[in-house]
Amino acid sequence: MKVSIFLLVIYCLIGCKQAPALDTTALHNGDLIFQTSTSAQSQAIQLATKSKYSHCGIVYKEGNDYFVFEAIQPVKATPLNQWIARGKDGHYVVKRLKDADKTLTEATLQKMKVVGKTFADKDYDLYFEWSDDKIYCSELIWKIYKEGAGVAIGHLQTLGEFDLSHPAVQQKLKERYGNNIPKNEKVISPAAMFNSDLLITVVEE
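Following this note's numbering, the numbering of the sequence shown begins with 6 at its first residue and continues without gaps.
Hints in this document: simulated from the structure, not taken from any laboratory. Some clues are possibly wrong.
[What the hints assert, rightly or not] Straight-line Cα separation of at most 30 Å, DSS-like style, residue types lysine-lysine; simulated pairs: (1) Lys127 / Lys177; (2) Lys107 / Lys177; (3) Lys177 / Lys116; (4) Lys93 / Lys148; (5) Lys81 / Lys93; (6) Lys179 / Lys118; (7) Lys55 / Lys188; (8) Lys55 / Lys127; (9) Lys122 / Lys57; (10) Lys116 / Lys81; (11) Lys81 / Lys57.
[What the hints assert, rightly or not] Ranges between beta-carbon positions, derived for each pair: (12) Thr43 / Lys179: 37 to 47 Å; (13) Gly68 / Gln175: 23 to 33 Å; (14) Gly183 / Gly95: 32 to 42 Å.
All residues carry an ideal CB built from backbone N, CA and C; glycine is no exception.
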């Protein structure tokens, strides 16, 4: 029996491979993080916005742990390693305001968190409406930055400005809106934020 236990311990120490520890040394509070979602609507978002990235959130540090505040169902803070693992191939990109050292003071970050708390536990907005009743991923972080830091990251568009021609996009629109697609609805896409001139890339894995 003792031999069996000993062999089991040796096996776990040598044979069991653990995931490498996530390097968070380059991360700052308030960083934006992007990934390719594996959700059912991801392909449609990618095609319509001409971008590989379909989901995003804000990185916050609480104690020694990092979280991503994100709009899924419902809006919540997800441990960073879980958030990364949920994306396609574990790939992600972290971006930061070019003037973050000046703009994202402790007071500003605290205000952003206060704004974020007003959205916590709200339902995900499948219809991408520009309201605070429900909210989608890029809308959440756009509004947190705008209301909390006075910074508008990415240009607002209307739904009709996207490329809605692909069959996969049309199918998703049909599921959501039927024949009444709100092409004049104001929206902010992950792509618009990702491509903002206000940001620099600090991590890409």
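For each hint, the structure was consulted:
1. At most 30 Å may separate the alpha-carbon atoms for a hinted pair to count; Lys127 and Lys177 meet this at roughly 22 Å.
2. Taking the CA atoms of Lys107 and Lys177, the gap is near 41 Å; set against the 30 Å cutoff, the hint is violated.
3. For the given pair, Lys177 sits about 36 Å from Lys116 by alpha-carbon distance, which is inconsistent with the 30 Å threshold.
4. About 26 Å separates the Cα atoms of Lys93 and Lys148, which keeps this hinted pair within 30 Å; it holds.
5. Restraint check for Lys81 and Lys93: satisfied, since their Cα atoms lie roughly 20 Å apart, inside the 30 Å limit.
6. As the CA atoms of Lys179 and Lys118 are separated by approximately 36 Å, the hinted pair breaks the 30 Å bound.
7. With a C-alpha separation of about 17 Å, the suggested pair Lys55 and Lys188 falls inside the 30 Å cut-off, and the hint holds.
8. Proposed proximity of Lys55 and Lys127 is supported: the alpha carbons are some 28 Å apart, at most 30 Å.
9. The straight-line distance between the Cα atoms of Lys122 and Lys57 is roughly 29 Å, inside the 30 Å bound, and the hint therefore holds.
10. For the hint pairing Lys116 with Lys81, the CA-to-CA distance comes to about 17 Å; that is within 30 Å, so the pair holds.
11. In summary, the hint linking Lys81 to Lys57 is supported, as the alpha carbons are separated by about 23 Å, within the 30 Å threshold.
12. Distance hint check for Thr43 and Lys179: the Cβ-Cβ separation is about 22 Å, which falls outside the suggested range of 37 to 47 Å.
13. A beta carbon spacing of about 46 Å between Gly68 and Gln175 contradicts the range 23 to 33 Å that was offered as a hint.
14. Between Gly183 and Gly95 the beta carbons are some 36 Å apart, a value that agrees with the proposed interval 32 to 42 Å.
Hint check: violations occur at hints 2, 3, 6, 12, 13; the rest are consistent with the structure.
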